[in-house]
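Participant: Sequence:
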Amino acid sequence: MSDATSGPKARLTHDQILDAGIDDWRKVLNRLRARFRTGDFATGVALVDRIGAAADEADHHPDVSLTYPEVIVTLSSHDVGGITSRDIDLARRISGFAAELGAAADTSGLTELEPAVDTTDGSRLGPFYSALLGAKMQDGGPVDPSGQVPGLWFQEPPGPDDERGAELPEPDIEQRWHFDVWVPHDEGERRLQAVLDAGGTLVSDAEAPSYWVVADADGNRSCICTPLDRG
Numbered sequence: 328m329s330d331a332t333s334g335p336k337a338r339l340t341h342d343q344i345l346d347a348g349i350d351d352w353r354k355v356l357n358r359l360r361a362r363f364r365t366g367d368f369a370t371g372v373a374l375v376d377r378i379g380a381a382a383d384e385a386d387h388h389p390d391v392s393l394t395y396p397e398v399i400v401t402l403s404s405h406d407v408g409g410i411t412s413r414d415i416d417l418a419r420r421i422s423g424f425a426a427e428l429g430a431a432a433d434t435s436g437l438t439e440l441e442p443a444v445d446t447t448d449g450s451r452l453g454p455f456y457s458a459l460l461g462a463k464m465q466d467g468g469p470v471d472p473s474g475q476v477p478g479l480w481f482q483e484p485p486g487p488d489d490e491r492g493a494e495l496p497e498p499d500i501e502q503r504w505h506f507d508v509w510v511p512h513d514e515g516e517r518r519l520q521a522v523l524d525a526g527g528t529l530v531s532d533a534e535a536p537s538y539w540v541v542a543d544a545d546g547n548r549s550c551i552c553t554p555l556d557r558g
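Numbering (my numbering), first residue to last: 328 to 558.
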């Protein structure tokens, strides 16, 4: 990760992240995420202590979730809005700490939920949802700095000449909300199959493996999204 395109301020592509060989980690939306199965709270606390010390040393701080059986760590470089070599370096150190403590990495089921509102005027709705969620407007949508609620984004519905509209049949029900469910590159097809097994239907795979459009039994649509084929 030392070439000019992978310096500490350069955003990495998904292929560059895969080439880094950090097998414990997956790109989910625009962040790196890992889950370490600690099995007990004390081991989790010990892992978080080591992560905190390394983060202070590197002056690069992840988001950490500590629960009784596991620790989930999320890394990104907020100053560039993506993943950089700083995240890769810290990810390697954190994986080393976990291995030393006997906390096994588990990439299955890693997910980030991104709710979306279909609207032609997100700027008009933004202040309301920011107030409702206790969030702040950032990058065109409400974002909760504390991470208690997922970020919200506003998607303009496709017009009659938009290719997106031509690919999808008209929904049977009126729907203004939908979920974008972000999963790792190797999780998309498994998540799709789980949805189908649970009674969902596939509306469109025209943009797979970038995303699949699925619907529940009542026709409410969501998208299963991966980082693949995104340029």
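If you are wondering where the hints come from, they were derived from the structure by calculation, not from laboratory data.
Each hint should be verified, as a subset may be incorrect.
The calculated lysine to any residue pairs, modelled on SDA-like cross-linking and capped at a C-alpha distance of 20 Å, are [what the hints assert, rightly or not]:
1. Lys-336 with Asp-448
2. Lys-336 with Leu-440
3. Lys-463 with Pro-485
4. Lys-336 with Thr-401
5. Lys-463 with Gln-475
6. Lys-336 with Val-372
7. Lys-463 with Pro-484
8. Lys-463 with Arg-419
9. Lys-463 with Gln-482
10. Lys-463 with Gly-474
11. Lys-336 with Val-375
12. Lys-463 with Trp-480
13. Lys-336 with His-387
14. Lys-463 with Leu-452
15. Lys-336 with Ile-415
16. Lys-463 with Asp-448
17. Lys-336 with Gly-409
18. Lys-463 with Val-407
19. Lys-336 with Gly-449
20. Lys-463 with Pro-442
Restraint ranges, calculated between C-beta atoms of paired labels, are given here [stated by the list, open to error]:
21. Glu-427 with Gln-465: 22 to 28 Å
22. Ser-473 with Asp-433: 36 to 42 Å
23. Glu-483 with Arg-364: 38 to 44 Å
24. Gly-436 with Asp-406: 27 to 33 Å
25. Asp-406 with Asp-513: 39 to 45 Å
26. Ser-392 with Gln-465: 30 to 36 Å
27. Gly-408 with Ala-521: 27 to 33 Å
From the three backbone atoms N, C-alpha and C, an ideal C-beta is built for every residue, glycine too.
Participant: Could you grab the alpha-carbon distance between Lys-463 and Arg-419 and see if it respects the 20 Å cut-off?
Facilitator: 32 Å, violated
Participant: Does the alpha-carbon distance linking Lys-463 and Val-407 stay inside the 20 Å limit?
Facilitator: 19 Å, holds
Participant: Lys-463 and Pro-442 were given as a pair; does the straight-line alpha-carbon distance stay at or below 20 Å?
Facilitator: 16 Å, holds
Participant: CA of Lys-463 to CA of Gln-482, is that 20 Å or under?
Facilitator: 18 Å, holds
Participant: Lys-336 and Ile-415: Cα distance at most 20 Å?
Facilitator: Holds, at roughly 12 Å.
Participant: Verify the CB-CB distance for Ser-473 and Asp-433 against the hinted window 36 to 42 Å.
Facilitator: 26 Å, violated
Participant: Does the Cβ distance between Ser-392 and Gln-465 fall inside 30 to 36 Å?
Facilitator: Since Ser-392 and Gln-465 have Cβ atoms about 21 Å apart, the given range 30 to 36 Å is violated.
Participant: If you check the beta carbons of Asp-406 and Asp-513, does the distance land in 39 to 45 Å?
Facilitator: 29 Å, violated
Participant: CA of Lys-463 to CA of Trp-480, is that 20 Å or under?
Facilitator: 12 Å, holds
Participant: Holds or violated: Lys-463 with Pro-484, Cα cutoff 20 Å?
Facilitator: 24 Å, violated
Participant: Is Lys-336 close enough to His-387, meaning Cα to Cα at most 20 Å?
Facilitator: 12 Å, holds
Participant: Lys-336 and Leu-440: Cα distance at most 20 Å?
Facilitator: Since the Cα atoms of Lys-336 and Leu-440 sit roughly 27 Å apart, the hinted pair is violated (cutoff 20 Å).
In this structure, the earlier hints numbered 1, 2, 3, 6, 7, 8, 11, 19, 21, 22, 25 and 26 are contradicted, and the remaining ones agree with it.
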